[in-house]
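J.: Each chain, written out:
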Amino acid sequence: MNGYFVKLPVFEGPLDLLLWLVKNNNMDIYDIEISRITSQFLEYILASPIPPDAAGEFLSMATLLLKIKSSLMLPKETEEYQEAVEEKTLLEDRLAEWEKIKKSGELLLEKFRGRKFFLRRDEPFKIEVAKKPNFSVFDLAEIFAGMIKDKKNLFETVTGPEIYLEDVLKELSDRIKNHPHVRFSELAAANPRRLYIAVLLLAVLNLALKREISINQKKPFSEIIISRNTAARAKRQEANHGN
Amino acid sequence: METEELKKHIEAILFISGKTVKKRKLAELTGASEKQIAEAAECLQNEWNSNHGIILEEIGGGWQFSTKPEYADYVLKLYPWKGNLKLSKSAAEVLSIILYKQPVTKAEINAIRGIDSQGPIATLLKNSLIKTSGRKNVPGKPRLFRVSENFYHIFGIKDETDIPSWDEMEEE
Amino acid sequence: METEELKKHIEAILFISGKTVKKRKLAELTGASEKQIAEAAECLQNEWNSNHGIILEEIGGGWQFSTKPEYADYVLKLYPWKGNLKLSKSAAEVLSIILYKQPVTKAEINAIRGIDSQGPIATLLKNSLIKTSGRKNVPGKPRLFRVSENFYHIFGIKDETDIPSWDEMEEE
Numbered sequence: 000m001n002g003y004f005v006k007l008p009v010f011e012g013p014l015d016l017l018l019w020l021v022k023n024n025n026m027d028i029y030d031i032e033i034s035r036i037t038s039q040f041l042e043y044i045l046a047s048p049i050p051p052d053a054a055g056e057f058l059s060m061a062t063l064l065l066k067i068k069s070s071l072m073l074p075k076e077t078e079e080y081q082e083a084v085e086e087k088t089l090l091e092d093r094l095a096e097w098e099k100i101k102k103s104g105e106l107l108l109e110k111f112r113g114r115k116f117f118l119r120r121d122e123p124f125k126i127e128v129a130k131k132p133n134f135s136v137f138d139l140a141e142i143f144a145g146m147i148k149d150k151k152n153l154f155e156t157v158t159g160p161e162i163y164l165e166d167v168l169k170e171l172s173d174r175i176k177n178h179p180h181v182r183f184s185e186l187a188a189a190n191p192r193r194l195y196i197a198v199l200l201l202a203v204l205n206l207a208l209k210r211e212i213s214i215n216q217k218k219p220f221s222e223i224i225i226s227r228n229t230a231a232r233a234k235r236q237e238a239n240h241g242n
Numbered sequence: 000m001e002t003e004e005l006k007k008h009i010e011a012i013l014f015i016s017g018k019t020v021k022k023r024k025l026a027e028l029t030g031a032s033e034k035q036i037a038e039a040a041e042c043l044q045n046e047w048n049s050n051h052g053i054i055l056e057e058i059g060g061g062w063q064f065s066t067k068p069e070y071a072d073y074v075l076k077l078y079p080w081k082g083n084l085k086l087s088k089s090a091a092e093v094l095s096i097i098l099y100k101q102p103v104t105k106a107e108i109n110a111i112r113g114i115d116s117q118g119p120i121a122t123l124l125k126n127s128l129i130k131t132s133g134r135k136n137v138p139g140k141p142r143l144f145r146v147s148e149n150f151y152h153i154f155g156i157k158d159e160t161d162i163p164s165w166d167e168m169e170e171e
Numbered sequence: 000m001e002t003e004e005l006k007k008h009i010e011a012i013l014f015i016s017g018k019t020v021k022k023r024k025l026a027e028l029t030g031a032s033e034k035q036i037a038e039a040a041e042c043l044q045n046e047w048n049s050n051h052g053i054i055l056e057e058i059g060g061g062w063q064f065s066t067k068p069e070y071a072d073y074v075l076k077l078y079p080w081k082g083n084l085k086l087s088k089s090a091a092e093v094l095s096i097i098l099y100k101q102p103v104t105k106a107e108i109n110a111i112r113g114i115d116s117q118g119p120i121a122t123l124l125k126n127s128l129i130k131t132s133g134r135k136n137v138p139g140k141p142r143l144f145r146v147s148e149n150f151y152h153i154f155g156i157k158d159e160t161d162i163p164s165w166d167e168m169e170e171e
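Order-wise, the sequence lines are chains A, B and C.
Counting in numbering that gives the first Met the number 0, the first sequence runs from 0 upward without gaps.
Counting in numbering that gives the first Met the number 0, the second sequence runs from 0 upward without gaps.
Counting in numbering that gives the first Met the number 0, the third sequence runs from 0 upward without gaps.
Calculated directly from the structure, the hints in this document are not laboratory data.
Quick reminder that beta carbons are idealized off the backbone N, C-alpha and C, glycines included.
It cannot be assumed that every hint is accurate.
To be verified - According to the in silico footprint, chain B covers these stretches of chain A (three or more CB under 8 angstroms from chain B):
1) 114-122
2) 133-139
To be verified - In the EDC-like style, the derived pairs of lysine to aspartate or glutamate whose C-alpha atoms are separated by at most 20 angstroms in a straight line are:
3) 68(A) to 92(A)
4) 100(C) to 167(C)
5) 105(C) to 52(A)
6) 115(A) to 69(C)
The task is simple: from the sequences and hints, build the whole structure.
T.: Laid out in structure tokens, this is it:
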């Protein structure tokens, strides 16, 4: 075995092995001696463990080499000989290309080693300078002070006389008869307990559904204005009159 | 490590981090004392804050690089999805409770507001204004909330001593 | 914009980004010409590269800040995963194929290597050294691969001229 396979490098694939054999034999990559290469290639794959996932590729390369080798022994005029010459040229081109890729891979590895410790953040600033809140920390203090002062929130329990929707509906109807526009907050202020406010809200929705009133709120959390729905009322009176 | 060298270490660490690195952490990484870190950082701050597009800021008990406000527009141009932070009234309330009562559980927040605060808490977490930090040793082991480092940055306050007292607010 | 001011703008943009910003993008953002950008950046480079823990680098057709290698240890203590990238010989080879033949399909890569390249391709994708970019209009519509922005950073490549051309590879 001519000492070829002393300290064998690990070959990734058949081209890798082929290139190594070409170099080791000091052959010209564009003028491979197919018969010598073929026998060495076969010796290697018979003698060395081939990576199982690449066995197919090694074997198909061996087949190709054997085919070229045998065809090249035929007379030059034969079609097989011509085909084999073409296949040999194709193989040499592939090998030349592979050699360049290997070289460039080595170059990249070299660059990589030199660059390993140039670190960058790789992402934008976590802290977003443009993200300005719509209020300041002083506003937060004020909000908190307001909540703490307003302690009734904290200790409210639902006890006392029950509140009935019918009663509140009647109250609301009476109120609206005399006042064309009423603020929800005014109504709520009459009995600032959560249960009352909840029932009041139901009453308002109830009358709105019957089109007795219309309700208006400019934006969330702003005042709710309750207005007597004169148009609807007029319409109904008209209808009654007709009867 | 001498100050000049320490300064370069701090620069490299703060640049890669892109957010606040605590004094303690800087000391731990470089092997310098917190006092040395503070000295080097102040030194860096003087150099940086006069001549560059970026400044070094002391925020939330540590240091960080920030862009000068006049260059802040570039953040929006480079990353247009980062808009202004708009907080709802309820989120602001929850945030103020966490700021003044931290560490605080959701149940405690709910008790103060008289209403469930799941939504605002989720919003604040999503915007990294608050963080969870441990659990309270009561039945159910509820999570505790605190304001985050990002909170300090966004509201431009250095550390806890920079938070206005709400009692003072009341007196006004 | 005069150069002194332009320098600060470039600093701010590069700090915000944390990775390469192309010359063209810098020009677009600041309203300066690419020539002015290059001048200001070279000027900045001289200032930065002597006295700081971070340096300004020309990478992938743009500019970026990186830490100096001598401070990497401290940064890696904070972000250990940043030093985790390992590149095998086969990954480097697949990367070379993609670099010179891009956009390229897996089948084309396999043909050049004479062996299946699923493993190295997955590793390169995971490490953001390559990216998929569209599909080839052949039966099966296979995905096409290109090198990514990160590729230029990892290998410290200024621009295309910084890579030996395919023909030059042969001459050596």
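J.: List in ascending order the numbers of the hints, as given earlier, that are violated by the structure.
T.: Hints that this structure does not satisfy do not exist here, as all of them hold.
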